[in-house]
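Join the two chains, each given in its own frame, into one complex according to the hints.
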Amino acid sequence: DTEVTQTPKHLVMGMTNKKSLKCEQHMGHRAMYWYKQKAKKPPELMFVYSYEKLSINESVPSRFSPECPNSSLLNLHLHALQPEDSALYLCASTLRSDSTGELFFGEGSRLTVL
Amino acid sequence: RKEVEQDPGPFNVPEGATVAFNCTYSNSASQSFFWYRQDCRKEPKLLMSVYSSGNEDGRFTAQLNRASQYISLLIRDSKLSDSATYLCVVNSVNNAGNMLTFGGGTRLMVKP
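Residue numbers (our numbering), protein chains in the order written: chain A, 2 to 115; chain B, 2 to 113.
Next up, chain B with everything else stripped away, as it sits in the complex (with noise of 0.2 Å):
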């Protein structure tokens, strides 16, 4: 079983629609998660940090599942900027330093 896994998609979903993505990790140690937003050919970069309580920015709304292990996110209002591969990020912390390990990402293509 991966660490960090997603469902790789893709998500085809026309402008305006609402999508979710989940993502499970294996280590209930973890401590922090993420979710990066990589477009093609560029670097992956912070869409949002997720905390236990949830958290929303703007049309993203992340949320955290310690018990069942699993971080999800909701885009509302889908705009075709959005069309891009989000990666989910878990971090933790061992003798060997911060680990992050990430998921194999959901590709996302909003389409007019």
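For reference, chain A alone in the conformation it holds in the complex (with noise of 0.2 Å):
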């Protein structure tokens, strides 16, 4: 079982609508992660998280709003997406942002936009 806990695991919502993606994790990792991930494609970086600031955009579309309310909690908040933006999204952390060990993955949120 992950030890990266994310909610929902599965969401449909509108292009009008506003959601959150939560992820959470209580391994004492002071680096996280959101990840994008379409069908048969790789993870891609979308921020980094290290010591609850952000350190990392990946030019990613204001429409998604990253959010560390502290060093366990990550969110993700959605507005006006557009269809294109369904995928899963991925939350992950490391011990610290420089560390050169393995990443740990939630199950993912599965995210249909309509």
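Quick caveat, the hints were computed from the structure, so don't treat them as lab data.
Zero decoy hints are in this set.
Under the rule of at most 27 Å between Cα atoms (straight-line distance), these lysine-lysine pairs were calculated in the DSSO-like manner:
| no. | chain 1 | residue 1 | chain 2 | residue 2 |
| --- | --- | --- | --- | --- |
| 1 | A | K39 | B | K3 |
| 2 | B | K43 | A | K42 |
| 3 | A | K39 | B | K112 |
| 4 | B | K46 | A | K37 |
| 5 | A | K10 | A | K42 |
| 6 | B | K3 | A | K42 |
Since the model is a prediction, treat every value here as computed from it, not as a measurement.
Shown next as structure tokens:
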């Protein structure tokens, strides 16, 4: 079982909706990540938080808004999404942002935008 | 040229076969290397880290060739349950932090 928990597992939303994806880990990791994965493609990095501060934003459109309320939680706020944003959204964590160790993934939130 | 490249496959092999995947990377400053396995509609899970001296875990052997900048994964005695996509992940650290770069994945299908 993964030690990174993501909710919801599935989400269907309209283009005018506002929703949020949530991620939680209690491994004491201080780097947390959002990835987007389309079918038959590798995960694409969206954001990196290091010690609760945004350290990397891979030119993600502003309709995706990340938030890190504390060291255990990571949110991704969604607003005015497009159908092409439908994908599996994966949260992950590592011990520190300068760690070269393993990346721990959550099970993902599968998003469908109608 | 992509930073991390893999043959997408699919590799179709019979049960019991030995199969090998390669992955090449372009950043010579890369520091650590991993093979992840991803089942359909699931999250990637670490299969094994790849060490300079090579390492083995049961039927799986991983090797690293820094001079030629590639890593490999060998699966012996393939099982039906080995069917999955295998992602090569290369890690380097720069001023922006921990950069994990994924290869495109290699799909393996083991058939009875």
